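> Residue 310 in UniProt numbering is what sits at position 310 of the sequence shown, and the numbering runs on without skipping anything.
Any given hint could turn out to be false.
To be verified - In silico DSBU-like cross-links for lysine-lysine, where the CA-CA straight-line distance does not exceed 35 Å: (1) Lys63 <-> Lys2; (2) Lys166 <-> Lys320; (3) Lys166 <-> Lys99; (4) Lys99 <-> Lys63; (5) Lys2 <-> Lys124; (6) Lys63 <-> Lys82; (7) Lys2 <-> Lys312; (8) Lys166 <-> Lys2; (9) Lys99 <-> Lys312; (10) Lys103 <-> Lys82; (11) Lys308 <-> Lys82.
Treat the hints as calculated values from the structure; they're not laboratory data.
Since the structure is predicted, the reported quantities are computational estimates derived from the model, not experimental observations.
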Amino acid sequence: MKILVSGYYGFANTGDEALALAISRELRARGHEVDLLSATPNDTARTYGVRSSARMHPLELLKAVTWCDVLLSGGGGLLQDKTSGRTLAYYLAVIRLGKLFRKRVVVFNQSVGPLSESGGRQVKAALRGVPAIVRDAGSVRTLEALGISASLGGDPALLLSAGDVKRDENRVILAPRGGERGATTRLAVLARELRAEGREVVALSFMPSQDDEECRLIGGEIVSTDDPRVALDTIAGAGYVIGVRLHAVILAAAAGVGFAGVSYDPKVAGFCADAGAFHVGTEFDGAAMLRTVRERTSPNWESVAAMKNRAKSSFDFALKR
Numbered sequence: 001m002k003i004l005v006s007g008y009y010g011f012a013n014t015g016d017e018a019l020a021l022a023i024s025r026e027l028r029a030r031g032h033e034v035d036l037l038s039a040t041p042n043d044t045a046r047t048y049g050v051r052s053s054a055r056m057h058p059l060e061l062l063k064a065v066t067w068c069d070v071l072l073s074g075g076g077g078l079l080q081d082k083t084s085g086r087t088l089a090y091y092l093a094v095i096r097l098g099k100l101f102r103k104r105v106v107v108f109n110q111s112v113g114p115l116s117e118s119g120g121r122q123v124k125a126a127l128r129g130v131p132a133i134v135r136d137a138g139s140v141r142t143l144e145a146l147g148i149s150a151s152l153g154g155d156p157a158l159l160l161s162a163g164d165v166k167r168d169e170n171r172v173i174l175a176p177r178g179g180e181r182g183a184t185t186r187l188a189v190l191a192r193e194l195r196a197e198g199r200e201v202v203a204l205s206f207m208p209s210q211d212d213e214e215c216r217l218i219g220g221e222i223v224s225t226d227d228p229r230v231a232l233d234t235i236a237g238a239g240y241v242i243g244v245r246l247h248a249v250i251l252a253a254a255a256g257v258g259f260a261g262v263s264y265d266p267k268v269a270g271f272c273a274d275a276g277a278f279h280v281g282t283e284f285d286g287a288a289m290l291r292t293v294r295e296r297t298s299p300n301w302e303s304v305a306a307m308k309n310r311a312k313s314s315f316d317f318a319l320k321r
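Produce the entire structure from the sequences given, and follow the hints as far as they go.
Pasting the structure below:
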């Protein structure tokens, strides 16, 4: 089949590029043709070995929709209007276009929300008759509150595997997020305390244009990348991960590395809750987080395995005729 994938691809965000990598690999392994809608289609096509169309070019978007058999909206946190109403309007417009051309449209492994009252009404109208599979239990509840049934899947990035990397249990990864200065300030204090105990601390930037400054405030070694393979190998070589960025904790789960989440958004808390992992808000207690690292507080690995299984089986759900 010909599969068109709509998401936040081509913006040099490691988390979304991890989704692009995982989704394109899974679909190609199943013998499907893939087109990723992207802000930088030439780079995306070259990186993942698939077709790619310009997401904001009306004619290219129209051609891509008419080309496909199935339109997957996701993964990622697309159906929310916290970022802006325009963001939600765009992703719903792509869904409506797929429905207009009578394509099979599936909401695919997204987290849903936060939504304003107006945003909720728009989502309810656009998703009428659209099968939905979401990546966390909180999103199932969000859609059910709108009268939309949804199945629980898993983030496709959980299916990625690290390279042959030697793990250093003394190394701690801190993954801040641009715009969350309060959390960064606390992470910087935590980093100093960890270094004083003899630990190696690495600040990992998932979106260089936004996160590099936060990493500099944390100090010490910095790994700045928009390549999910580099991020995954960096995480796999560490003993513990603290992530404000959602995909820092998701890639830690994929690599089998203990982690804790700092929830700037419900999607971080949602993933950590489903994984049975320690998570706090952005104004967290530094002493409690320090204990978490010392004790290497882990998620429930059985829950993580179940999430991986759901992520795998979600492709069968999405593509069934």
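> All the hints need checking, so say for each whether the structure fits it.
We went through each hint and held it up to the structure:
Of the pairs offered as hints, the one joining Lys63 and Lys2 holds, with about 13 Å between alpha carbons and a cut-off of 35 Å not exceeded. Restraint check: the Cα-Cα separation between Lys166 and Lys320 comes to about 40 Å, which exceeds 35 Å; the hinted pair is violated. Between the alpha carbons of Lys166 and Lys99 the distance comes to roughly 48 Å, so the proposed pair goes past 35 Å and is violated. With a CA separation close to 14 Å, the supplied pair Lys99 and Lys63 stays within the 35 Å bound.
The straight-line distance between the Cα atoms of Lys2 and Lys124 is roughly 27 Å, inside the 35 Å bound, and the hint therefore holds. With a CA separation close to 30 Å, the supplied pair Lys63 and Lys82 stays within the 35 Å bound. Under the criterion of a C-alpha separation no larger than 35 Å, the hint pairing Lys2 with Lys312 is consistent with the structure, at around 19 Å. Our distance criterion of 35 Å between C-alpha atoms is broken by Lys166 and Lys2, whose separation comes to about 39 Å.
Proximity of Lys99 to Lys312 is assessed by CA-CA distance (about 25 Å); at most 35 Å being required, the pair is judged to hold. Among the hinted pairs, Lys103 with Lys82 is consistent with the structure: their alpha-carbon atoms are about 28 Å apart, no more than 35 Å. The hinted pair formed by Lys308 and Lys82 meets the criterion: a straight-line CA distance of about 28 Å does not exceed 35 Å.
When held up to the earlier numbered hints, the structure conflicts with 2, 3 and 8 and fits the remainder.
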